[in-house]
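Participant: Top to bottom, those sequences are chains A, B and C. If you read the first sequence in the numbering used here, its first letter stands for residue 1410, the second for the next number, and so on. If you read the second sequence in the numbering used here, its first letter stands for residue 727, the second for the next number, and so on. If you read the third sequence in the numbering used here, its first letter stands for residue 180, the second for the next number, and so on.
Simulated from the structure, these hints should not be mistaken for lab results. Just so you know, even glycine gets a beta-carbon here, dropped at the ideal spot from N, CA and C. Treat each hint with caution, since some may be false.
Unchecked claim - Listed next, the stretches of chain A that the computed footprint assigns to chain B, with coverage defined by at least 3 CB atoms under 8 Å from CB atoms of chain B:
# : region
1 : 1431 to 1443
2 : 1462 to 1468
3 : 1482 to 1496
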Amino acid sequence: MTKKITLNMITCRSIFQGVGMEAGKTSQKYFNACSIIEMHPEDMKKLGIWKNTNVRVSSSVGSIVVKAVEPRELLVPGLCHIPMGPWANRIVPAYTFSTGEPCFKGFDVEIEPAINEPILSAIDVVKDACGLPIK
Amino acid sequence: MTKVVKDVICPFCGTLCDDVEITVSDDNKKIISVRNACAIGAEKFNHTSLPGRVTRPRMRQPDGTFKEVSYDEAVDWTAKTLVNARKTLMYGWASTSCQAMSVGHEIAEKIGGIVDNCATVCHGSSLIAIQDVGVPSCTLGEVKNRADRVIFWGCNPAHAHPRHMSRYSIFPRGFFTVKGHKGRKIYCVDCRYTDTARCADEFIQVQQGYDYELLNAFRTAARGEVLPDTVGGVPKEKIYEIVEELKGGRFGVIFFGMGLTHTMGRNHNIDIAIALTRDMNDFTKFNIMAMRGHWNVTGSGQVLAWQYGFPYAVDLSRRTKARYQTGETTSVDLLIRNEVDACFNIATDPGAHFPIDSVVSMSKKPTVTIDPHINMSTEISDLHIPVAMVGVEVGGCAYRMDNVPIETRKVVDPPDGMLTDVELLTKINERVDELMGAK
Amino acid sequence: MSEYIIKNGHVFDPVQKIKGDKKDIAIKDGKIVEASEVSSSAKSINAKGKTIMAGAMEIHAHVAGPKVNAGRWFRPEDKIFDSHKKPGMTRIEGGKSIPTVFKTGYEYARMGYTFAMEAAMPPLYARHVHEEIHDTPIIDEAALPVFGNNWFILEYLKNREIENTAAYIAWILNQTKGYGVKIVNPGGTEAWAWGLNCLTINDPVPYFEITPAEIVTGLMEANEYLGLPHSVHIHQNDLGNPGNYKVTLDTLRLAEKVKPKNDFGRDQVMHSTHLQFHAYGGESFANIESKAKEVMDYVNSNEAITFDTGNVTLDETTTMTADGPFEHHLCSLNHLKWFNVDVELETAAGIVPYVYSPNVSVNAIQWAIGLELALYAKDPMRCFITTDHPNAGPFTRYPRVMSWLMCAKTRNERLNTFKNADKIIDRTTLAEIDREISLYELAAMTRAGPAKSLGLSKDFGGLKPGMNADIAIYNINPEKLPTKGEDYEKAFSNVAYLFKDGKICVKDGTVVDNGQKKTFWVDVKVNPNKQVRHDVVEKFLKYYSVNEGNYSVPDDYAPHQHIISLDATHA
Ligand code: SF4
Ligand SMILES: [Zn+2]
């Protein structure tokens, strides 16, 4: 049986995401910067994975495969981070509590190893959700 | 031969650096090098010259591929879509000029659109809070010249506003701050040990989602009242100590970001941060400022405000009156409730930055996206109209995060035959007039 | 361009001393001409039984710029019942106390105004001011940059360097497309950057070691050195506080030291704005009283002063001023939301919503003081009606203020029905005044007077042939004057016709043309000044947060400019 852990998710900007965005949303830079999840090494241990393995992250609204990496900016155990972008937004709950602002930070996600599952490209992440044909 | 353009404004983030120097080729076509900008800014300028840039409108075909169409066809399709829809969401505006916004609003007023900008998923919470309690603030030069206590709360300029710290908030020497960083005490409050925290003299690690409680504790401490042993993971001794240090400063400032606006509590987190700032003005001088993200999201709020009186989420769908009600006229809510019947995106990428449910909703409606580059929104749209890059290939007014307006500069020519936002919107406006006149 | 001839109307024009006589007014190519100069194809307008005046000129209102706009967006509630599309060539108009740019232009035009002066432009935000002016339809506009707390000025005047001060003013006017010299709470706003204030004209400004009196005097001297069309325009220290009339008189007396020097026919050296807020006696809000009489005795005696009233209109409104410390103080009194912006090297601004209630004695006393000032004014050419929009009330209430001034019955009805009428009557002298302002006096207070004070009397504020064809026609028959204040109010709210540059822009209160608004600014040539150039370069390098190269207002922000050029190169 594969292990699962529940973590608290935040989605934030990073300079690599910013640079990637300007290099182009279809660029490798953008892909590398945003199709990741940063987790505390302890949480990786709990999940039984090494760094740089793919994981499936699921929230109340959807799920996405990204690569688990060690955080560049330190996180406490229990907290995880996907840089803002299409991957993160596949799992961000849209409900706004009448503020217009969705819940980008502070929602529960379930994480399980997905070593052999591929990571979709930025465009495909969105197209896939919208039911549009993927090349 | 090359030439150097000075005092260039970087059109990426709300820091709106205006000291960039760019070397361009003699024929005004190519950017050769970029000085003074941060990594993101430099990437933005260099991106213009990348091969494979789309320079003509593209219409999606039934098989999902895109086919090039003329600007005239694109204008016609867009105008018809706008005129036929009862309620169009006209979202974005954060990366275009105020002059373009003005034309866009004229269209919106005619066709009954809802004009919203990316504050809606960024600092909308802050705007709501300011509408509730006001805000004591200042320009960034004031911070540079006077501030000796600087707090970064739930923001990470090291990543999101890379030159903010060197231009305004940590390192610069100003008139009354001749010692630069040495004369300032820097605090960083965050749930992560960010790169901004590394630059701070004091890092206060708050438990994710407990900012309201911690701010409340600061207010309590400022009044000399009793605190529990820890608040949001921070020991009370630390809180008392910091509050005394803040009171002892001459000029304090809080910069805050999406760590407050995006977490549970939303506007209430900002509300209490402002209340703390107000309280501190009883002891010393204190200001607070939102770290606005996109380089001209502030400008969109300004133009909407002087034309309709609201900073975002302006519903003109009744054509005879402007309405604004967050949760009702805000983009994400409109989309997830399926309350609009067409989408018009300009100069921002909701496809990448909206939660997926709202993106799916958008993909089911006639959608046009106006953007210099391919992005997630263009790929789910029926029509992508590329335009010149504002702040690089055409000038136009932008507002910095402290609301200071700066006219951006044209550095190089856009690719041949490419329209600017203003030109394109003006054409759409004229076509809308024709269609509506014919109705 | 089309020609018009306006026939049979009653003309009120202090410029030509016409007091309601019937006179035909002819228009050609945007100018007023002799009736004989228009051809037989001139369109004829029948103004029988109507009042004709020049287009009115607003001398002090906050209608464009950063704080006005902050007031708009941080008060969504100001639009809840006030956002409409009205008939005519108009956009949606929103906002009660701080109307949007569209509503601002239309409402001024509907009331017969053709010019408005934005009263406080922070130079760093000049581009914002001009963007809003650009979007405001019909009316001509200009803006006054603020100088009273500017570091350059404080440093030059500390050493009494008038020539440098003047050269710097000329540079700022050019950079910001500004019109003249505004002073707001001299020294006090700089002190506010440290949370302090200057409450008398002798309080030293922290660090800069200069007093408000020295700032005001120095700026007056520099203003006359340059010979600008308008004089120094001052919002004095200690605004809004009981007992402040002494500071007011101290400040006004400073005008005795300086002589006017200009080619624009202007006689004053100081324009004192919203005097109502500066004419309070008493020691606290519990015993505040009117000192309008004392203040006006002085103003009447000194021809070197013009002033505007700042009439309280008894509405809910939004106060906003570059007097940062005042707004902080006001917030501590009414506990409503508070907006503040400190602007590097230059100024600050504060905003607080405020409800002027007829049931609150202080507010009713303020109301009375504003009216007293105008009614005590001996020379209507030196007294102008304002509400310091939106501070004492929205400008859209001018018709009501006029009705209080023109109809003693209406005024006394209001006075006698205040909740604390006895107290108000006791603390003011309004009940003793029976003067009613005539249409001719009104034309002076709202047209010829402000035009002269602004140095625009050659082309504006009158109906003499050769002047600009800005003309308002009201449904008021001077031979059968209204007997009720509300009839005045109605007539002044909606012109029968408004001509702007010889074009009909409003007809029967409906906007029919958006005209071609112009931005006025003053371009002064001065001797090259190495010191000022050096200081500008240094301050931008070290202290400003923008580069000097990005400071000025680009030309296309003001597509139609009316530039007043003058040469102040002294041999
Ligand atoms: S800090 Fe922001 S504005 Fe400045 S160069 Fe970097 S991205 Fe551009
Ligand atoms: Zn004023």
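Participant: Indicate, hint by hint, whether the structure satisfies it.
Facilitator: Quick rundown of the hints versus the structure:
Judged by the Cβ-Cβ criterion of 8 Å, the region 1431 to 1443 of chain A is covered by chain B as claimed, because 5 of its residues qualify and three suffice. For the region 1462 to 1468 of chain A, the assignment as covered by chain B is violated, since 0 residues bring a beta-carbon within under 8 Å of that chain's beta-carbons and 3 are needed. With 9 residues carrying a beta carbon less than 8 Å from a beta carbon of chain B, the region 1482 to 1496 of chain A meets the three-residue requirement, and the given coverage holds.
Hint 2 from the earlier list is the only one contradicted by this structure; the remaining hints agree with it.
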